[in-house]
Amino acid sequence: MSIAVSHHPGLARARFRPVRATLIAVTLAFLALLLVLPLAVVLVEALRMGLATCLHAITEPAALAAIRLTLLTAGVALLANGLFGLAAAWAIARFEFRGKSLLLSLIDLPFAVSPVISGLVFILLFGLHGWLGQWLAAHEIRIIFAVPGILLATVFVTFPFVARELIPLMQEQGSEQEQAALVLGAGPWQTFWRVTLPNIKWGLLYGLILCNARAMGEFGAVSVVSGHIRGRTNTLPLHVEVLYNEYNFAAAFSVASLLILLALVTLVLKTALEWKVARGIAPRPRGGHS
Amino acid sequence: MSIRLTGITRSFGSFKALDAVNLTVEEGELLALLGPSGSGKTTLLRIIAGLDACDPDRGGTIEVNGQDVSAMRVGERKVGFVFQHYALFRHMSVFENVAFGLRVLPRKDRPPRNEIARRVRELLRLVQLDKLEQHRPDQLSGGQRQRVALARALAIQPRVLLLDEPFGALDARIRQELRRWLRRLHDELHMTSIFVTHDQEEALEVADRVVIMNEGRIEQVGAPADVYHHPATPFVYTFLGDVNLFHERSEAGAALVALPTPDSRSTPYPGAAFARPHQVDLLPPDQTDLGVEGIVRRIHAAGPMVKVHLMTADGGDVLAVLTQERFAQLGVAPGMRLRAVPRELRAFTAAAG
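Protein sequence lines correspond, in order, to chains H and Y.
Everything in the first sequence is counted per my numbering, starting at 1 for the first residue and increasing by one.
Everything in the second sequence is counted per my numbering, starting at 1001 for the first residue and increasing by one.
In isolation and in its complexed conformation, chain Y is listed as follows:
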């Protein structure tokens, strides 16, 4: 099912959680709503589900497969919704939780008992919980509860699947596992799915397309590689990874900007210029006049790459990521003087920022 949102605005008092948001979700895609807390991503998800409504006087519409569902009650929309804290029914077994959506159907639509049992067991097998069907939610681990919530949402054969911070409450290792599992599940089911997250790594790894939100507006929509390599705004650039930010006004920025960089395109950089840490090379001061000079303050060498923090003369901080070989070759040590030379700089015009 495709979803089309037009002009969605939602205010809480004077605070605008969403400001005239337009978004189209393609049939069968897995879409991530990514943004910092307070950016409006969860509100948008709840509006799609029908758990919240957009400001009535601003005339926003929600279409599912071309059909306007704005006036539909939440139960009629047939959406699968997975809550951030799962919202499992504490007093019911895993089996009853998953069966709930079928048991509350009007008598004429309700499948017979054994059909309900068959479908519930099939879903529990899908989420690999068939051995725990008589357990209560409080006897399950976080990851297991998450999968019960997912099976429960899928039981009503929803037209779209909405997940609010699906991995937010889990520890790092389980997150990794579940995230890959969710991707595989989506590839099996091909159900149009939207999930909310504040974790850029998660969004970039799992989603087909990523919607980056900030202060109630959409900053950019695109495939993960697209938004990562071609960020449309400074916000997107800074939100999607570590970043070195130079301002023309600052001495370091001026030095960087004024001096030609190795792949010099000699563009003037009005406003801020950005370089990712892996795009910054470090050189001994006697080998180059490019870039900006600084003193090595901290080194993190545990990992495939080495992170080196430099402090520039005007107190600015530059982060460079080197390969282990380059690190050894330079013999980087705290207190050493080095020049940070960006191989690539990205600038945004003041208007875009």
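Only chain H is shown next, with the shape it has when bound in the complex:
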């Protein structure tokens, strides 16, 4: 009996070998077709007219403006949603209050709503015929078809990332360490900087990386509010679309390859973080009792 049992895993492996091979083959084929091939196409198309054309496409003034706007948008989204995510996660993980589950669902709203609708919402609010449109026009404040609208739409679309990352983390860690800090005489700020923040920093960074990737890559919501004014309200994804619609394929793919580069950097950072966190949590060999 014991012999049969000890041989079982080996038998199982042998019997399932074709299954394993098939599964891996299918997965790889799928990945190649849907992920690797498109990426390769973008890079090949970008370089088809030569490296010089490619470089020119991403250094001409409109492209540089798009890069600047994208960086600004991402920066604002990171700052706003970093702070909001931290506040929301703290409130939800540490306190009991009425409407907590409603707040939790609301945080997920941007994930549930189509990005186009997210953009439209701001047009309905701030557009010329929107609720606040007349008042804004009277005070010469431009939000729609201008940079503030792009910032608003981006912040809206990306606000779940940090909060979603931190809430479960903070709930799991509990508040005992913070209580310990308070008993030891630390003030609220000292407790935050010395205990809370160091404990969530990797989660926070992870959330910010995802938030950044989405903020730089967002198309739908931004497209609705931007107005596509070249050199003024085009972010990188919008710039790619404009170039493509002008049949300027080489330039479109050159700028697109910048976004792909961003995706690859995000992926590497994300993997590195996951690896680091996993290593930090895994139990290490312990010293004996002394």
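You may find that some hints are simply not true.
What the hints assert, rightly or not - When the alpha-carbon atoms are kept at most 30 Å apart in a straight line, the in silico DSS-like pairs for lysine-lysine are as follows:
# : chain 1 : residue 1 : chain 2 : residue 2
1 : H       : 201       : H       : 276
2 : Y       : 1078      : Y       : 1108
3 : H       : 100       : Y       : 1016
4 : Y       : 1131      : H       : 276
Think of the hints as simulated: they come from the structure by calculation, not from any bench.
Start from chain H and add chain Y according to the hints.
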């Protein structure tokens, strides 16, 4: 420092975790709060620390050395608190954990760097961890983490030391060691200390005085021998050790109670009557009419004493603890008929119960 609690009530919704608790802790004593889970002992400890507050509309007060600290923030109370799961700062070394309380002091009160280092090292020597000061908490064993938590609590030179289930998360052998070590440490430092436990053996062995709690109220306060030998309520009696419980209504209880026991004081026993297993003798039925008859069901002979479980005619269970000699002399075997005769019975009036 002495601590005086008056009229402490704490409710969570409709559940009363603490119900008008009064307690005085003497200067320099080691006090155990003992009770089953949900008895309110941890809540009481947290209220003393300032991590929780009593119901404001019930007017409870906490005095430390005669000074009312109810309104003081947790950080101002200068209490050392050791959390049940230690709550060590995971991202800091052992050294930094212990130094934390000194580093967060306002600049004018903060000792210089080398003074902090000196005090931290002194504490680490006290808890025998001076070789591990650069380790992280997750590289330590449970017992070592416990001692880091203790050193960290002591670093702020607290007026009182509060420990929540200090040995709860450790395995049996380490518990024994640490418990004796804590007692020795307390004898060295003489700091007023309160620890929470649900383990009666631990409380009775370590503490100067034991506070037995049940359902948010204090059942009895006293020295270990005092509460063990003179339990004030049936709850205390049953909580502090194995017990045979007889009810007058039951046949076995009636038999016991009606018949004179060897040290017969012929007291009537209203309500429940109790006898500890070591107070119950076993005799062959032909030698006595006292006590209650039963059949031997189970025997645990591994240990200095032998535990014998009897089942009485009405299905009741009686546990007797015999010496190995007595056990051999009687030749106890499963299925044998014996009479269980309590040498001593303890009864509580219905009002007390």
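Hint check:
no. : hint               : in the structure
1   : H:201 with H:276   : holds, 12 Å
2   : Y:1078 with Y:1108 : holds, 17 Å
3   : H:100 with Y:1016  : holds, 25 Å
4   : Y:1131 with H:276  : holds, 27 Å
Checked against the numbered hints given earlier, this structure breaks none of them.
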